[in-house]
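Residues per chain are reported as follows:
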Amino acid sequence: MTAAAAIAGIHEFEKRTAGGLSPLQIKAECAARALADAGLTWSDVDAVYDASEAGRMQGLTIAEYFGVTPRVLDTTAVGGSSYEFHAAHAARDIAAGKAKVALLTYGSAAHSQSRAIGTGARPASEPQPSSNMERPYGLTLIGSYAMVARRHMAQYGTTPEQLAEIAVTTRRHAMRNPQAVTGLADIGIRNVRELTIDDVLGSRLIADPLHLLECCIVSDGGGAVVIVSREVAAGIRTRPVWILGTGEALGYPASGADLTTTAAVRSGREAFGEAGVRPEEIDIAMIYDSFTITVLAILEDLGFAKKGEGGPFAAGGRLAFDQPGGPALNTDGGGLSSNHPGMRGIFLLIEAARQLRGESTAQVPGARLAVAHGNGGQLGTRHAAGTIVLGRD
Amino acid sequence: MAEQAGQQAERPLPMFPEPDTEPFWAATAEHRLAYQVCLACGQVVFHPRRHCTGCLGGELEWRDSAGLGTVYTYSVIRQNGQPFFRARVPYVVGLIEVDEGFRMLAEIVVDPDLVHVDQRVTVTWEDHSGLSIPLFVPTV
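Those sequence lines, one after another, are chains H and W. 260 is the number that our numbering gives to position 260 of the first sequence; each next residue is one higher, with no gaps. Every position in the second sequence, counted from 1, becomes a number in our numbering once 1000 is added.
To be clear, the hints were calculated from the coordinates, so they are not data collected in a lab. Remember, it's a predicted structure, so these values are computed and weren't measured experimentally. Any given hint might turn out to be false.
Stated by the list, open to error - Beta-carbon label-pair distances, calculated as ranges:
{"id": "1", "chain 1": "W", "residue 1": "1084", "chain 2": "H", "residue 2": "312", "range": "36 to 44 Å"}
{"id": "2", "chain 1": "W", "residue 1": "1057", "chain 2": "H", "residue 2": "234", "range": "27 to 35 Å"}
{"id": "3", "chain 1": "H", "residue 1": "120", "chain 2": "W", "residue 2": "1023", "range": "54 to 62 Å"}
{"id": "4", "chain 1": "H", "residue 1": "190", "chain 2": "W", "residue 2": "1084", "range": "45 to 53 Å"}
{"id": "5", "chain 1": "W", "residue 1": "1055", "chain 2": "H", "residue 2": "231", "range": "47 to 55 Å"}
{"id": "6", "chain 1": "W", "residue 1": "1084", "chain 2": "H", "residue 2": "252", "range": "43 to 51 Å"}
{"id": "7", "chain 1": "H", "residue 1": "307", "chain 2": "W", "residue 2": "1101", "range": "52 to 60 Å"}
Note that the Cβ used here is the ideal one computed from N, Cα and C, for glycine as well.
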């Protein structure tokens, strides 16, 4: 393989409750553990990527907090997809010779702070042209995704049952992940067990046609990823997970545009093209599951199914880790059932790397190729798409 | 925490100063649904802004829509923590394909069981101090 950069170290904060730790403390703990995972230390870090989720303009302070001296600093902040953008930029910076050891971190106490991410009152901010046209109407974050789901149903005949399959599959994966099972109980979910399609469709509607169990959980958490050059990768403790291709794209409302097609159609084409990989070769699909519709639309846009055929594609449990046909979807349990502290993108990279190392709790035997696709902002309106294609030797 | 008796939460309104959208909201006071067209390239521009997104030189002209459109998609919002909308659930928000060629977000004032994609809708106005909020109702 000719990839210039590899994921060398990973760590996911084990709990879904912060236990009094601040987001910065979670970030530092995860960073230290991910560096140790790779067999590296703070002084090896020469590039830092940060989405400022722990406070405003963290680019000014995060290196000091960690105690590192970066040559490269990138503060791209595009919501939950920030970490796929960071991985793309780290691979590019390493390929350009500007960095050798890149550190990506995330920390959040969204659950402890009782943040109602999907249905909460939106804080008034500086007036913007777009928000001035939208704030009188009370469209919640979930409502925005729900409008995509409604249009998908009207345009292609997608059914609630097909969407529910995605929540059923991710919960099944979560039940194999002890941290997810403990975490679901810790954030107050009673009677944690596998779900049926009827369970999902029997839960209350939050924003039609999306039900409660089609919405991601709100947890605390965090994680870190260390990305290194080929030269550094030769000496690490772990099996390198190569970054084979990357793609970035933005989507926003436009008159006449097809709302069911997301920016993933562009970021995916770019990432798969660069990797020289076709979607049908992918073993593991880590797709940001903020909601069931997010996965369905993005599976289509990445080329796993034709546009409009994501519903039949997902039906019959096909996306489970032990089913033929694949790909295996969100094998850690996803944002729907394992970990969603607000910006889940880093966990997509972490679980993809676990699979390619053979360390997942829902391991696909011999997994060789994975895709991590982050979606930031909101489908149905402005959103960011970051696609990373990963492979092992 | 109980709200004080007689104190009703108000619909969130656009915030000013915001020069791109101010002319749009000024027109609503006269119940005009305004949008922009580029005189150079014909691009319909919405949300409103100062520059044309289709070409570099265009001057944008304000026009009034007839206020008729089609529901492109919608959702029935059943949970919202914001006080005004919490009191209003369930309510319908949708994207309206307005006949003049732009798509706008709006509330659709309709029985949630009767709204559907491709439904024809007509603008209606909710008056506030200095501006009106365009809402849509099914066309009869």
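So, going through the hints one by one against the coordinates:
1. 1084(W) <-> 312(H): 36 to 44 Å: Hint holds: Cβ distance 41 Å, inside 36 to 44 Å.
2. 1057(W) <-> 234(H): 27 to 35 Å: Once the Cβ atoms are compared, 55 Å apart, the range 27 to 35 Å for residue 234(H) and residue 1057(W) is violated.
3. 120(H) <-> 1023(W): 54 to 62 Å: For residue 120(H) and residue 1023(W) the Cβ distance comes to about 31 Å; the hint is violated.
4. 190(H) <-> 1084(W): 45 to 53 Å: Distance hint for residue 190(H), residue 1084(W) is violated at roughly 32 Å.
5. 1055(W) <-> 231(H): 47 to 55 Å: This hint holds: roughly 48 Å between Cβ atoms.
6. 1084(W) <-> 252(H): 43 to 51 Å: This hint is violated: roughly 26 Å between Cβ atoms.
7. 307(H) <-> 1101(W): 52 to 60 Å: Given range 52 to 60 Å: violated, Cβ gap about 24 Å.
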